[in-house]
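Engineer: Sequence:
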Amino acid sequence: MKNFLLILPVVFFQSVVAQTLSFEHDTGGNQKIRKYCATCSPYSKVVKQELITAEKFVPSVDQIKLYPNPTTDKVNLVWSPELGDRIEKIDYVTYNFTQIRPLPFNKREGKVVLDLSDQPIGMYVIIFYLNNGEKLTYKVLKH
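Going by the working numbering, the residue at position 84 of the sequence shown is 84; the numbering climbs one at a time, nothing skipped.
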């Protein structure tokens, strides 16, 4: 019993000391900074999580955002007004390219909802055809 009581404070002290590393990450989850803080309490760290809302989910000029991905039924496709002026048509196809279906949209709205609820589980490719001949392709997983 005496050996146990002598070992317990050492193990507890080592676990507290090991908790004084702090990490900072970028928005992609990549570690940017790892630092040791000898005076910091290991129990005072608070993780900040920010909920992504539709207002904050604004794409850059030549980028289209798809969310949620993977999905069970509907996928939101959002693009910038600059890119919306250049989109000619949108198609979505099954991953093996056996069925090509057009997706009706309004260029000025800057978004469209793709309903996959009646489609089978699998991978879908969404193709944006631009007026300069360029194609933007995105993959969506339905499960």
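Since the hints were derived computationally from the structure, they do not count as laboratory data. Note that this is a predicted model, so its numbers are computed, not measured. Hints may be right or wrong, so weigh each one.
[As the list claims (entries may be wrong)] Restraint ranges, calculated between C-beta atoms of paired labels, are given here: (1) 39 - 108: 51 to 57 Å; (2) 104 - 137: 17 to 23 Å; (3) 21 - 127: 42 to 48 Å; (4) 104 - 143: 21 to 27 Å; (5) 133 - 22: 45 to 51 Å; (6) 26 - 91: 22 to 28 Å; (7) 122 - 37: 43 to 49 Å; (8) 97 - 66: 17 to 23 Å; (9) 129 - 74: 36 to 42 Å; (10) 33 - 67: 25 to 31 Å; (11) 107 - 67: 41 to 47 Å; (12) 119 - 25: 41 to 47 Å.
Where a beta carbon is used, it is the ideal one built from N, C-alpha and C, also for glycine.
Engineer: Next, verify each hint and record whether it holds.
Structural biologist: A quick look at each hint next to the structure:
no. : hint                  : in the structure
1   : 39 - 108: 51 to 57 Å  : 56 Å, holds
2   : 104 - 137: 17 to 23 Å : 19 Å, holds
3   : 21 - 127: 42 to 48 Å  : 46 Å, holds
4   : 104 - 143: 21 to 27 Å : 25 Å, holds
5   : 133 - 22: 45 to 51 Å  : 49 Å, holds
6   : 26 - 91: 22 to 28 Å   : 34 Å, violated
7   : 122 - 37: 43 to 49 Å  : 48 Å, holds
8   : 97 - 66: 17 to 23 Å   : 19 Å, holds
9   : 129 - 74: 36 to 42 Å  : 22 Å, violated
10  : 33 - 67: 25 to 31 Å   : 29 Å, holds
11  : 107 - 67: 41 to 47 Å  : 20 Å, violated
12  : 119 - 25: 41 to 47 Å  : 36 Å, violated
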